[in-house]
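Please build the complete structure, drawing on both the sequences and the hints.
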Amino acid sequence: MSRGAFRLSWDKSILLLLILLVLFGGMNNEYFATGDNVNFILGDISEIMLIAFPMALLIIVKEIDLSVASSLTLASALCGVTWQATGSIWVAVLAGIMTGVACGLLNGLLVTRLGLSSLAVTIGTLALYRGLCYVALGDTPIADFPTEFTDLGYTPIAGTFLPWVVVPMVVAGIVFWYVLHGTRFGRWLFAIGQGDEAAEFSGIPVLRVKLWLFILTGLMCGIAGIGYTVRFASSSPDGALGFELLVIAAVLFGGVAIAGGVGTIWGVIAAVLIWGFSQSYLQLIGWDANALVIVSGVLLLLSVTIPRLLGALRESVAQRTFRPKGTEGAPPPPGEGVAEHSPAGAGHDQGSHRG
Amino acid sequence: MSGGLSRVARLREVPVLSALIVLLLLTAILNPAFRGGEGLKAILIESALIAFLAAGQANLIIMRHIDLSVSSTAGLVSFLIGNTSMNNMGISVPQSLMIAVAVGAAVGIVNGALVAYLKLPSLVVTIGTLYLVRGIFNYLAGGVTVTADALPGWVAAIGSGSILGVPDLFVIALILCVLMTIVQTSTRWGRDLYAIGSNPPAAARVGIPVAHREFAAFVLNGIIAGLAGMLLLFRFSFADATAGLGIELYVVAACVIGGVAIAGGVGTAMGALIGAVLLQAITFALGALGVSQFWQQAVAGALLVLAIAFDRIVALRSTQRINRLAEAPV
Amino acid sequence: MAQPLLRISDASKRFGGVQALDRASLVVHEGEVVGLLGENGAGKSTLVKTLAGLHQLDAGVIELDGRSFRQGNPRLAREQGVAIIYQEPSLFPDLTLAENVFVGRQPKSGGRVDWSQMRARTASLFADLGIDLDPGRLARGLSIADQQMVEIVKALSLDARLIIMDEPSAALTNAEVERLLGVARRLRDQGRGVIYISHRLEEVFQVCDSVTVMRDGATVASAPIAEVDTAQIVRWMVGREITEMFPKVPAQIGEVILSVEGLSSTGEFHDISFEVRRGEIVALAGLVGSGRSEVVRAIFGIDPITSGTITMAGTRLSRHTPSRAMAAGISLVPEDRRLQGLLMPASIAHNTALTVLRRLRRAGLVRIGAERRLAEEWATTLRLRYASIDDPVERLSGGNQQKVVLSKWLATSPRLLIVDEPTRGIDVGTKAEVHRLLSEQAAAGMAVLMVSSDLPEVLGMADRILVMREGRLVDEISRADATQERVMTAAAGAAA
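Protein chains in written order, with our numbering: chain H, 1 to 355; chain Y, 1001 to 1330; chain E, 2001 to 2496.
All the given hints hold, so there is nothing to weed out.
Listed next, the in silico DSS-like pairs over lysine-lysine satisfying Cα-Cα at most 30 Å (straight line):
1) H/Lys62 x Y/Lys1119
2) H/Lys62 x H/Lys12
3) Y/Lys1119 x H/Lys12
Since the hints were derived computationally from the structure, they do not count as laboratory data.
Below, the structure is given as structure tokens:
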């Protein structure tokens, strides 16, 4: 199938790009490929990576969560507040993670129970959760975390140059890869993205699956929120601003189709790494840190534009080479579909295919 | 006013307006300090920029699209004008307008072309341009800060001036929203937007040039975002690399609260303006009532979620009612 | 009579391997209502879509008002005076009725949309047709019947000469149908031509001046309504005696598998009770819109029910969902193959295995090899024609796609197989294979419930026929007593 063939080449080219980038960077800048720098890069991308995994699953089932950055910050905030209140870092970590889960649960319920568009809902909860961060913290960050906690942010794991935050990242990568590409649940996700009605007619509990994905996203935001707290040694209400856009950019650049039904975990991993390494390289050669957002924007635009252009190109080539094959029944001509669209009849069940 | 226009207004804007009035009255009753009119004036000044941007955004949301790049565009324009003034010892109004329109149109053309003609999702495209423009902006701005003394006198004059007690900034936003509402309710171009948002395939079937309308609305919104950059400068007499950061969500919130439903097909720019004022009024009311300022954003967010859910619940209710009617024995 | 308003002659159109239109002809005069009749797949839709500007004929002539009709462009078709009223119209829910009528060409005065003129003109058009609707209300929530009325008014405002009503009554109540027929007569009296497509012969006799019957893409007969009767029309439509095209295998009919009692769903169907036994094929017949698909979807747990019970092999099913239905041994081959039956971009293997992934796992992982083997086995059993088991099903022909749907459901080893329009839009050869397969499954002890609009199929396959009309079960016919006329009569509610 043409889409599959293209997806493969997209993933391959991403991986190739990553390798080229690392080689190029390593050759042109002596600091680029050092353990210290890689340690820094891996820490820097860890939150994006953690949230990009569940975001990929959400986009595969044609949903989205824009509230992830706010959820992450709220998790971090609750972690800080609980630390101050209880003095137990374990309770604080648990509180942070549960906060993330609660955020995801609310999003999921609004989307699956009320049937709201996840885009609209999560724009709303983005503002809500961010607001709650200010409620929890005021405008003063909490920064008096124990040093053995915050040291995890940059101390390498003994005998390596890898930071401790790599551990959840690697574990999550393996788990998500396994779930998406190996299990029945993963198959269900692709099925929902490729045709949610057919998925429902195949016995897949579509709404329940989506609810769990939102909760899972919340959980990962909670974990990322703890990582964020560790790395910055503080909980602050204005952390991770605009982070949701980075995550989505990375997921789409990793070959997950915004139209759903297509995507791989290793494409997402490669995309996040490319983002991290390219940021690092540009910074090393003296780019302004703030100007680096250009890279994110360009990557995002390219990741949706190129597949569309290639698709259009392939279509026009295909149309010139052979006439479209008709199926036995009269195929619906373009611009048709009268039976499908009857919003004015919202009173009558829209999806009802009368028989 | 003609029947259709009043009908549209009656349907969606009135509840928001009533909520606003009740809120203002309550605040005035409970907090005497608010009664002097200064409180109201502050609300109008603060909501002007959001309302101005909402006028263009409403067109897009009506068509089931969205443009998140407006904050970057506005910020870039405000910096460019400020910076030009700083380097050239002042800048004229036409020069400023040229910068605003040129930059805004450029961003709008990119967004519009990708969404309307390449059929890419507007959310993704405008997140991309949000980054891209913000990145260019940061690259140019670096550590530069434009302060009031580098700006020509007319900037501060508009920023602090008022007409009949109404702040200039709000008057500008009001004029744009009124004009836009007239376009939306009384021109075929405007009506096409509602048809597209209400039932896209049917709009194409009745011969509405959907892609052209989408493109034009994105370009128009880009230009409005560019002009909003001037408002930003008027308001703060100050510009640096953070100008306009994050306001896109307030613009969307103002639209949705003001009755421009995210599902498309309904709402007006005037509604969005009322929504913007209401958002700001809540912030002020909370402050005036002694609620910690830290609750303000959370309340605004909760309100946005409620506005979205409310529309849906009302729709579900009416569907159920009709199903029950259909059940009536024949 | 004078020169006809519309004259179609020798119209032919192919889609891939199917001859949708085969030298069809149709004539409509001014001030005439022509009933266009035929079974599903007879070519009516293709003809209508050609007039709508959605298809272009391979060969043949269409003349409108003596001039050659320019094909292939919906806008052009409208400008030439053709308007189509569909079974499910598509209005703009957020716009007023008046604006729905004039959308894209709202009357203007002084550069601005003239709302009062628009409302006044709509109101007068409504009055002309005796429609009691407020032009100022929104279209949202309007009943299908009222939506059709707005579409008709829109056609009139465009001054359409030829108005085609494509099964407009399928979703309407009796009272609504009466009003619709009244409007059709008014249109005729205004000198317009009307093509009325319906499966309900009763309506055809009430409103049409003549009938044209199509079969297998060709026009088999045209006659003034006064010269024909129901039996004659049914003979034309069916055109053949039921032959041994249906390889019915004798089966031992055993104990009750599915028992449905008092099943109701608000607005869809009411008080449905029946049983299906082991080894039995039960057909659920009725017109499109009579509630058949809704009933089987409710049995499979897709649609909610408001009251009644579903019992599988003695166990009452509660909190019914598709996955619980599957666990109870129910399979549903749905009506819409492309939307409900298959994941079009996914491979044959993935589609086949989707329903039985639980069985194919080892240590939580889906075994790719076992999945492919399963799909290949079923492909062989059902004689699927394919290049690779990894090919997306969208590359297969309709008949082969249907075989994949059957595979994925037979793979669950159901005790009750529900098939909704199992042979719609597939070629004759595959059709026979599907019939053979259903027969064999029944003979092997499966209970089969078949929804079908294909009368020969119903008569040829079923041990028992249940007929639905307007959401209710109206007749139960044994195989021995079944005739086309009896089923048709029960379904259409006409006195034959």
